[in-house]
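One-letter residues, chain by chain:
2 protein chains.
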Amino acid sequence: MDERKQQILQALIQDYIATGDPVGSRTIARKYDFGVSSATIRNEMADLEEMGFIEQPYTSAGRVPSQTGYRYYVDFLMKRRPLSGDVKKQIKGSIVDKMRETDSIIHVASKLLSQLTSYTALAVAPSFEKNSLRYIQLLPIEGNKIVLVIVLDNGHVEHRTMDVPDSLKGEDFQYISSILNKNLKGLSFAQWKSGMLQGINFEVGYQKKLLNQVILMIESALKKEYESKVYLGGTLNILNQPEFKDVEKVKVIMELLEEDKILKEVLNTDQKSGVTVRIGTENVHEGMKNCSLVTATYELNGRVIGTLGVLGPTRMEYSNAFNIVEFITMAITEGINKL
Amino acid sequence: MDERKQQILQALIQDYIATGDPVGSRTIARKYDFGVSSATIRNEMADLEEMGFIEQPYTSAGRVPSQTGYRYYVDFLMKRRPLSGDVKKQIKGSIVDKMRETDSIIHVASKLLSQLTSYTALAVAPSFEKNSLRYIQLLPIEGNKIVLVIVLDNGHVEHRTMDVPDSLKGEDFQYISSILNKNLKGLSFAQWKSGMLQGINFEVGYQKKLLNQVILMIESALKKEYESKVYLGGTLNILNQPEFKDVEKVKVIMELLEEDKILKEVLNTDQKSGVTVRIGTENVHEGMKNCSLVTATYELNGRVIGTLGVLGPTRMEYSNAFNIVEFITMAITEGINKL
DNA sequence: CTTAGCACTCAAGGAGGGTGAGTGCTAACA
DNA sequence: TGTTAGCACTCACCCTCCTTGAGTGCTAAG
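Chains as they are written, first to last, in the working numbering: chain A, 1 to 339; chain B, 1001 to 1339.
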């Protein structure tokens, strides 16, 4: 693969990404000044095809990048123009603005990502393996109802309402709360054991049924946090891509996007730090064989805690997507670590 | 409009709804046994066209119902087969299951509605004009953070986290909570006045800044409930309708479905009790001119508090949609009133 | 190695013709 | 007066044929 072949491949892919039409030898000779005729380009293109980097949709159409072609482009040829200061400012601004909770950072980031790339943004919010209980409180409200307030390590608060017997009073709840805190504080979902009820039961000595219910609710709250959430941004951007003119194709992708499980699978494979580009069938899911996914991870204390990225057609503006995904995850990492 | 014309119109609309193809005179003569020849049907159809109930896509195609035709069908011709016992049971079951909060009832109902009709379901959750505060509690958690727990009349609980000065202690929060409850309990968002802070300030006598912040958060929680939420179910069902084969059309509807404001407008116009059918341009929104909307309201203590319905193409199974929407809203009304 | 020239390929788009579902009209019939 | 058979007519749809043009591969000369 000599210098000129690389240049031609690069020109071809860039042209194809920009226009969406198969690119012919004459187009390349005209638009990009290689100082050789179209015939020469033609010879080179024949070689590139034989090498598997480009292909013809049909005899006598122009050439189109193959999956290997895109791969080579992303790995070696792609020029990475740095992001404009404006965009950088916008990203930093939006993310710093929403610094209260990791959840809302990720939410904002995915919206932003879809706007900046005009593809669909995906993000999995952190699944802290160790996301432990910080504080529990049973709070009586009116009638025979209480609110169970559950505070987690990451600052997230959950609440649950439940009915209780009339006989219980304010002090009871205070007492039960303190026992619960003593026994459960610091526990993560992974450490949750079914046997723990006994100890508490012994200590409290009454209201087993109520305790049981409370424990279940705390477990559900922990589990909810433990199971990472998926955020989407700009789902409808798909409809603007000419490769999705066919409603059937839209359906495949849209259905995929509604399945949190699949999205988590897709995003969580191979969580190395840095930006990952997965092209066409490199994606684990069958329905994404005509799509590419550009993802990156963000970290807390040097450990990967979540992934975010954009989904577009294989004919994607890799360079731009790459830059933006990279910068946003960096901003998030920075933000979270300050939190 | 004599008997026979009505029968022919009915047959034509039913056939068109079922098949989606323009219906010719011969088809009607063959399929539906009127005991007259196609030529006679033809004459009748010519009359019906002149009267504006049906139209021809082009010369020598069959006839298709016009908007007025559908209107007439819905108002006078539509046969309403009662729902099967199974479906009724399913609806009752699902809705009774989720009786904890009005929000979740509506959520479940919209999923159910979309499944049963295979159209897209829309619902606005109750916008209680009078959705008042029942209970407020400042709950210190670790560090200098507190959780503000806000309980509303409809059983909904909201929480907010906030930072407070280190100097405050548990008793302070208890005290402030009780003052807040005394002053604000029973207030709805509509009754919220900016002046109310003074009274509380006077009574508490310190921590003006904190109080101010708390009041703002309570206001935001009330407002959030006051602003009715919109639920969607089965958005992707649109993609199965042959009238939405064109991605551009899908885009129009999908974009519309992402705008809560528009959906509220569309759903909230003309809140009479009972089922409302809005066909084509009868809908307030331009983008829905090829769609029909079948809605009904649910009530609490005899007052309309919310709307729910299905959105489909004008060529919609009106009868089925009508029945299901009617039954679900009845079930919800029943459920809410028991709550 | 490069290039001009040329024959070849094939999708896309337009023209032409056949088919069939459907219509409107008319004249005859009950 | 309503119904019907018959007939000419219309027009979307589909198929085929043809042209066009962008693009290719190959070859021989520079």
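No lab work stands behind these hints, which were simulated from the structure alone.
These numbers come from a predicted model, not from an experiment.
Possibly wrong hints are sitting among the right ones.
[Unchecked claim] Cβ pair distances, simulated, as ranges:
no. : chain 1 : residue 1 : chain 2 : residue 2 : range
1   : A       : R81       : B       : D1021     : 32 to 38 Å
2   : B       : N1144     : A       : Q115      : 32 to 38 Å
3   : B       : N1144     : A       : E326      : 32 to 38 Å
Ideal placement from N, C-alpha and C gives every residue a C-beta, glycine not left out.
Hints, one by one, checked against the model:
no.: 1; hint: A:R81 / B:D1021: 32 to 38 Å; result: violated (54 Å)
no.: 2; hint: B:N1144 / A:Q115: 32 to 38 Å; result: holds (36 Å)
no.: 3; hint: B:N1144 / A:E326: 32 to 38 Å; result: holds (36 Å)
Going through the hint list in order, the structure does not satisfy hint 1, though it satisfies all others.
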